[in-house]
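S.K.: Protein chains in written order, with this note's numbering: chain A, 423 to 587; chain B, 423 to 587.
Honestly, the hints are just simulated from the structure, not real lab data. Treat the hints with care, since some could be wrong.
[Claimed, not checked] Derived DSS-like pairs (lysine-lysine); straight-line CA-CA distance at most 25 angstroms:
1) Lys584(B) / Lys451(B)
2) Lys465(A) / Lys533(B)
3) Lys582(B) / Lys523(A)
4) Lys582(B) / Lys470(A)
5) Lys474(B) / Lys481(A)
Number of protein chains: 2
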Amino acid sequence: MKGDEIVIMGIDPGSLITGYAILKANSSKILPITYGNIKTSSKNDLQKRIYKIHTEVDKIINQYNPDQCSLEKIFYAKNVRSVLSLGEARGAILISLEQNKIPTYEYTPRKIKKSVVGNGRASKKQVQYMVNAILNTKIDKKSSYDISDALAIGICHYNKIKPNL
Amino acid sequence: MKGDEIVIMGIDPGSLITGYAILKANSSKILPITYGNIKTSSKNDLQKRIYKIHTEVDKIINQYNPDQCSLEKIFYAKNVRSVLSLGEARGAILISLEQNKIPTYEYTPRKIKKSVVGNGRASKKQVQYMVNAILNTKIDKKSSYDISDALAIGICHYNKIKPNL
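Model the full structure from these sequences, guided by the hints.
M.R.: Right under this line is the structure:
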């Protein structure tokens, strides 16, 4: 890969499963470097769960040195309990990002789907299909939606900054 | 103060204002050591705001070495945006607590009011009145509700553990 390269981290936050992706990009190309998820057990104390998300995100940052982070932002939720948990996971992630001085950009699910699939109301399956097409990956399990979502969140940010690379 | 002493930290989390209190107690008495609030500016980046809450809570823990923490827990909220922000603040606080290995206990607003005022539906003004009566403090501003709430959260935990002190 030539030209001005940038390493983008995409994160799909969740209190039980947080998807993450590291992507390398320049003005003409975007490649996946690594991706996966951070799982926490609901059997553990809340504070231990939240702390695990923080330390795991920290490790990924230290290993791959992302220049920028792209994070999903929500405005609606099924219930207070789930959005509170999501907020706690986001708080843990935001601390890792700020401690490592990584500029963070937030995108709504609608914006991410529009950017990656071309349709703001696309399903997670459609997002996964387009992520595989764009990155030449083979993520095909329903259980990996958090991972394809994290990659999509990274691609969405790339599409936005691409003209300036 | 004699007997087995315990230092309790009470926290009323909020993304713009987080109230905190440090209380020292034994089987017969509870005394306020310090209290105040952590204010963040909505003009700042979200991640800087969340990080400030984390570092300020950290400082208070390092200065007063609380043995246990009492934290307000909610189950309802006006809107998704406010509960997401609250969750982010809670995430930042939970990381400070876990990093410092402080056992944390959560109480609902109803439980706290019931414990301190005797009425689960008490107003913030009534909570402040009872906090002043119990601790001999003189907190009397509406703008200090977050502080009297944090003290009340600490008192609620004390009332629960008192029989075992």
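S.K.: Now, for every hint given, state plainly whether the structure supports it.
M.R.: Hint check results:
Annotation: proposed proximity of Lys584(B) to Lys451(B) holds, straight-line Cα distance about 9 angstroms (limit 25 angstroms). Our distance criterion of 25 angstroms between C-alpha atoms is met by Lys465(A) and Lys533(B), whose separation comes to about 24 angstroms. At most 25 angstroms may separate the alpha-carbon atoms for a hinted pair to count; Lys582(B) and Lys523(A) exceed this at roughly 41 angstroms. Straight-line distance between C-alpha atoms of Lys582(B) and Lys470(A) comes to about 23 angstroms, which keeps the hinted pair within the 25 angstroms bound.
Proximity of Lys474(B) to Lys481(A) is assessed by CA-CA distance (about 21 angstroms); at most 25 angstroms being required, the pair is judged to hold.
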